[in-house]
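Sequence lines, in order, name chains A and B. Per numbering that gives the first Met the number 0, the very first residue in the first sequence carries number 0; after that it's consecutive. Per numbering that gives the first Met the number 0, the very first residue in the second sequence carries number 0; after that it's consecutive.
Don't read these hints as lab results, they were simulated from the structure. Each hint can be trusted.
Reference excerpt, derived from the structure (chain B facing chain A, CB under 7 Å, subset only): (1) R160; (2) Q298; (3) I305.
Stretch-level coverage of chain B by chain A, calculated; a stretch enters the list once three of its residues show a Cβ under 8 Å from a Cβ in chain A: (4) 131 to 137; (5) 291 to 297; (6) 584 to 596.
Backbone N, C-alpha and C fix where the C-beta goes; we use that ideal spot for every residue, glycine too.
Chain by chain, the residues:
Protein chains: 2
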Amino acid sequence: MTACKIDFEPVGRRGECQSKESLLACARKLGVGISSICGGKGTCHSCRVQILSGSVSKPTPSELETFSPQELKAGWRLACQTYPRNNIKVNVPAESMTTPQRLQVEGQEVTVRPQPPVKAYRLKLAVPSLEAPQADADNLLQKLNQKDKLNCKKVDIGALRVISDQLRSWKWQCQAAVRSGEVIALLPPRSHPLGLAIDLGTTKIAGYLVNLSDGKTLAAKGVMNPQISHGEDIISRINGAVHSEEERTQIQELAAEAISQLGADLCTEVSAKPEEIVEVVVVGNTAMHHLFLSLPVRQLALAPFIPAVSRALDIKARNLNLNFAPGAYVHLLPNIAGFVGADHVAMLLTTGVGQKKGPIVALDIGTNTEVSLIHDGRIVTTSCASGPAFEGGHIKYGMRAANGAIERLQITGDKVRYQTIGEAPPVGICGSGILDALAQLYLSKAVDEGGRLNADHPRVRSFRGQRQFILVSKEERKGQPAITITQRDVRELQLAKAAIRSGIQALLEASGVTEEEIKQVIIAGAFGTYINVASALEIGMLPSLPLARFLQAGNAAGMGAKLALISLKQRAQAQALTSRVRYIELASAPQFEQTFMQASYLGQYRIIGGRREAISGDPG
Amino acid sequence: MTACKIDFEPVGRRGECQSKESLLACARKLGVGISSICGGKGTCHSCRVQILSGSVSKPTPSELETFSPQELKAGWRLACQTYPRNNIKVNVPAESMTTPQRLQVEGQEVTVRPQPPVKAYRLKLAVPSLEAPQADADNLLQKLNQKDKLNCKKVDIGALRVISDQLRSWKWQCQAAVRSGEVIALLPPRSHPLGLAIDLGTTKIAGYLVNLSDGKTLAAKGVMNPQISHGEDIISRINGAVHSEEERTQIQELAAEAISQLGADLCTEVSAKPEEIVEVVVVGNTAMHHLFLSLPVRQLALAPFIPAVSRALDIKARNLNLNFAPGAYVHLLPNIAGFVGADHVAMLLTTGVGQKKGPIVALDIGTNTEVSLIHDGRIVTTSCASGPAFEGGHIKYGMRAANGAIERLQITGDKVRYQTIGEAPPVGICGSGILDALAQLYLSKAVDEGGRLNADHPRVRSFRGQRQFILVSKEERKGQPAITITQRDVRELQLAKAAIRSGIQALLEASGVTEEEIKQVIIAGAFGTYINVASALEIGMLPSLPLARFLQAGNAAGMGAKLALISLKQRAQAQALTSRVRYIELASAPQFEQTFMQASYLGQYRIIGGRREAISGDPG
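Produce the entire structure from the sequences given, and follow the hints as far as they go.
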């Protein structure tokens, strides 16, 4: 028995373990959440990790079955089957993490050369006197422009309101934070100009605090979006904002308060002050973008779904009720259309698809699923109304990814194995669990291709005239109602997956590209990152392609926000990308109804000559 | 008896009168306030007017005595002695107006070619559709940039917040108000972009509504400054603002509310909306400027009296709590020093002294009196702590220019003749009356050169150990206490006038110019416009020069604000003027104490070889 030091990346958790403990056990001991449905038996294959350095036990038969020789050579292993032999470093990919772990680590590092919009200049000013009674701001600008051959002519009014006290308390030494010829804040002589990247989701808000000088992420955190009090879905919030000016203001302020607090919390983590945040980038879908800016949304919600503005914006943080550096700006990446927002642009930016030849499909699955097809320098984009089913909405036992949610499951015969978040007793099913459930129901023939629940299956019951599949029985739940997938749930899921698949299909048709030609499918976003791609293929939600062509990109929107935060070049690229996009409205795509119908059947298929042809077996 | 049409300018009041009515009577009938102390007897010479066209009665002996042949030839007459013969047009100079009339008319027209910072462009936009779902702001910018070869890249966030509803309600026609490449507001298809010039005084706020396209003044109005609730004098308000952040905010908001209301009232007068005001210029002294911007004032009130900022500023109106066009800016002219503000710059701009050879003295009399000496391309400026005496402060019966205030007076032997504002029974004395009183007391030998009240004068009494001069007796006031000038009042006035004169003296010395060389003395501001210059000369407040060298310039600060409002060139000139100014701190001027002592004596004098030499008689 040997004591080994283990370093789990990218979470950055380090600790000591014994060589008799599996990597899964080590991870749990150190508080690193790794997914495991089978409870460490090596059968569910959900605890994939990659050994980056150090020596571990030999692959078990289960691992030899799971991984290709290339993958094993690259260090890929099942955490439950692998034991450390000495000090090792382990990469836990996002798809192997439990849900609560994910948000902390998604897109932690960004590897572009910083070219930040705000730079800080250290200055030592002359002390004014009766003989030389120069005004503080003029004194500052004079020194600043001398020092760095800048041509700053402006000091933000917010910065002016504190400049006199700051200069005197810092004994005439300071840093001037300069953005496009404007002094937006004074910083203490010793401090770093900070940036905040925000991924503003309908449900969650993810924030990343970045040192603008070197582009390093200092801290990251996710919080719930308090706008939920005005409706869980975006349509309710839009209705609220349209209903009254007061509610529009409230909805704006809720997001602003949450972002201000998130920024403050992140600063506390690194012993900085929110006033040192000099630049913010926010990405979100178009409706979230509009609600956050308190822009009109009535025309966005009605055909022809026109945004108030699409181009990139720079707005003073104070005009959005944010409490950061006095003259800090918020940069909003451009959006593409009413239903394709800056978050999709950020994703395209992060994945670098704009520079690739393609064909590449990039999608971000959510209530609206945005899909782009990149091919030969052109980008075609659409938005599919996939609905809230994959986020747990409109599903009887659907729930958000919270403690007790079933996040992974397997059905073997009449046995159901599942894993819950926090290993708590099951209380419902979250998105990835719902997707697994549909795939497993189909594979175990509990539903047929048409989506009809099979009354002969031992776990299918009829209740109040509706069939349902018992995932967790009343007995297992100690008398609480059983957790089920109902016939209606299956229908909702069919609609959702059909929307996504037919969106992809429409783009392929518009570009004259076949499914087989797709070189890569990039799946971004919280749900997309965490799903079992095999399940998505099984139900025909995604084109039948070898698994190796799929890439789960993590929180690419948040990453894109960080890129835009630290680099003006990346902002220019985002704008250039956006201007290349052709948006297709699905409703007006040719034969869309037929495409949708074909896509609503379960099982893998291809469209050949306009006809659906089922594919059986693993395409990998 | 003939009916004649009379047109009083610049008030623009027209009406019909009889040839048996004097111009003074006509004026009263038509509501034009002309000053008259003697009650129309032709003895006080305060109702001077100028006949611009038409025929009037021949000069009376009193007029022949009052005016030089040149003046008579130029149409100058006493309104009480002159009768119309046919239709006439009459100019009533500001110094001949009663106080309430003044604010309405001061500086009504400005004669520079408009070169406004904001221009409006008429546009007709494409209606968006499912096939061409362009965002509203992008649609607007595209059309705008096509149309006028502009390169607008930005739409203000406030404008964005209303753009979608505006475009739809105006059926895709609008005017885009553009400022430096930014769309700051949309205006209805038929409207004018409006500007608002504000002279922000400690006591009064004067506002001028201007059509930015042609530079014409549409309406003007003056209101009291509600910041008075935080102290009548600026020092009290500074103390308040330093005392707490909350009070600083309140003081700012009071001014902002008053200006917003003033703008709204002026718009109502011309059937416009405050949202059509796209640009505002505000001038005021440095402390008023700082309080209005909510800038720090602690360091401004303590030696070495450092402003937070001196250079010109452009600030979004919303960041100053003003309710005008969504993206409207407020332009603040530069200030010169802690006690020489943008109002003085505006005055220098209006009077065009920057382009003159000089020597010219330009001064604005108030609690602080700002004085500039312009000579050979150089401008030297100082600020004199003249105190509130000439505004009625620290004077026993001093009051603001309101109904019942004695505004003019004459003492002949033991008779006192006076004129009150609104011809109401006297209740106190306002600035111009106080100045007249001191001059008349000196001329009638009721005070000596040293300022001591003469106990032998029939109207001088002793009351509680202090001498006082009875202006209006208890009997005349029907039992109310007598209105007096006390010995202490005289001392206050001596200090005030000494401050002004010694300030002028210090500038002359710093520039090596003698009093006799001064080509012109320009007196600006409400008080300065309304004073009887002869009285100011009599007490030695101003250098003994021929009356013709004095020019009373009216509300030159307000005029300067208007110039800056309608012309970018004027703004550049204001900045250029300011950068030429050398500020002199009086406390550090050589032999200032002696200069001040010499200046505190009453009577006309010159400094010759460092010694005070009294001048007797009229210098004219």
